[in-house]
Amino acid sequence: MSMTSATRTALATSLLALSGCPHEPSATTAAEAPAVANRPEPEQPLCGTGERFTDYAWVPDDARLTTSIQRGDGELGPALTTLARMTEVPELALPVSAALDFRNLSLQLASLDHLLGELGLDPAELVELHSPGGELVWLWPSDCPPASLATRVLDRWQVIMRADLEHPGLRWGAGSAEGLPFDVLTLGEDRVGLAPLGRGAQVGAWLLEVPRGGDDGPGRALADIEAAPIRAVLSGEALLTHAGASTPADRPRDASARHRQIRVTGDAWDELGTNTNADTNTQTKTDT
Numbered sequence: 001m002s003m004t005s006a007t008r009t010a011l012a013t014s015l016l017a018l019s020g021c022p023h024e025p026s027a028t029t030a031a032e033a034p035a036v037a038n039r040p041e042p043e044q045p046l047c048g049t050g051e052r053f054t055d056y057a058w059v060p061d062d063a064r065l066t067t068s069i070q071r072g073d074g075e076l077g078p079a080l081t082t083l084a085r086m087t088e089v090p091e092l093a094l095p096v097s098a099a100l101d102f103r104n105l106s107l108q109l110a111s112l113d114h115l116l117g118e119l120g121l122d123p124a125e126l127v128e129l130h131s132p133g134g135e136l137v138w139l140w141p142s143d144c145p146p147a148s149l150a151t152r153v154l155d156r157w158q159v160i161m162r163a164d165l166e167h168p169g170l171r172w173g174a175g176s177a178e179g180l181p182f183d184v185l186t187l188g189e190d191r192v193g194l195a196p197l198g199r200g201a202q203v204g205a206w207l208l209e210v211p212r213g214g215d216d217g218p219g220r221a222l223a224d225i226e227a228a229p230i231r232a233v234l235s236g237e238a239l240l241t242h243a244g245a246s247t248p249a250d251r252p253r254d255a256s257a258r259h260r261q262i263r264v265t266g267d268a269w270d271e272l273g274t275n276t277n278a279d280t281n282t283q284t285k286t287d288t
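All residue numbers for the sequence shown refer to full-length UniProt numbering, where the first residue is 1 and numbers rise by one.
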């Protein structure tokens, strides 16, 4: 699909805001950018369409937020509405970082849809991670050869993907405020990622070096949640506050739990391992 120069500028601005970059593209930069309309229409993709992760053993064990989004699920739109609405329910006591992320997830996905369209990719699933350092990272599965993806990224944004010699299987390219407002990564032969500008190498190292796939890690916790348009895992002691509990003894969960497992559909917010769920009317309900 072709995009006008104004649309491309708006996309870059939106993605910059989501990635935490304080600078917007200038009017001069936008005017000097080559017109997107002059680019050839993307060919019908022969790869990069309809993939889902078969497991989450690759998720680092120290990820603070792990969210799976099923892009092709017919309930995704209503589920996003539920997710945003539930951030206003004080009884859920969501951490500020998670509440902000959930509230803006619809906007983030709309921007990512444009970016994926530019690349000619259409994965069925996206996974968002928050690192211990606060980086927001997006990943999706892909059966496209890394060389093919590198060619697409070079063609669309003039970003050169380079192999990281210290981390076999990792390739990354530096984005820019004037073009692709993310660093882009390929990990092995089957994952593609977006990292904040200037953090591609560090995020790639985190994804490959940190222990992952542990029995009590967030990847396993995510896999244990029943299929839904949106599934999320909050991890770490600071993220386990639940239902406005004032003391650990007040929390209706196993004291040894390391995660909050959340399942969101068009009409329900459910947390595994607790006796609390909430409906779309934002009224907290407790099972008897």
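If you are wondering where the hints come from, they were derived from the structure by calculation, not from laboratory data. For each residue, glycine too, the CB sits at the ideal point set by N, CA and C. Incorrect hints may appear among the rest.
Ranges of calculated distance between the beta carbons of each label pair, as one might list FRET restraints [stated by the list, open to error]: (1) Ala57 x Asp267: 30 to 36 Å; (2) Leu100 x Glu166: 17 to 23 Å; (3) Glu135 x Ala163: 38 to 44 Å; (4) Asp155 x Gly77: 28 to 34 Å; (5) Gly179 x Ala93: 17 to 23 Å; (6) Pro90 x Gly198: 33 to 39 Å; (7) Thr81 x Glu209: 33 to 39 Å; (8) His167 x Asp267: 40 to 46 Å; (9) Gly72 x Ala268: 17 to 23 Å; (10) Ala227 x Pro90: 46 to 52 Å; (11) Glu91 x Glu189: 26 to 32 Å.
Tested hints:
no.: 1; hint: Ala57 x Asp267: 30 to 36 Å; verdict: holds (31 Å)
no.: 2; hint: Leu100 x Glu166: 17 to 23 Å; verdict: violated (33 Å)
no.: 3; hint: Glu135 x Ala163: 38 to 44 Å; verdict: violated (21 Å)
no.: 4; hint: Asp155 x Gly77: 28 to 34 Å; verdict: holds (31 Å)
no.: 5; hint: Gly179 x Ala93: 17 to 23 Å; verdict: violated (40 Å)
no.: 6; hint: Pro90 x Gly198: 33 to 39 Å; verdict: holds (36 Å)
no.: 7; hint: Thr81 x Glu209: 33 to 39 Å; verdict: holds (38 Å)
no.: 8; hint: His167 x Asp267: 40 to 46 Å; verdict: holds (43 Å)
no.: 9; hint: Gly72 x Ala268: 17 to 23 Å; verdict: holds (20 Å)
no.: 10; hint: Ala227 x Pro90: 46 to 52 Å; verdict: violated (29 Å)
no.: 11; hint: Glu91 x Glu189: 26 to 32 Å; verdict: violated (44 Å)
Hint compliance for this structure: hints 2, 3, 5, 10, 11 are not met, and every other hint is.
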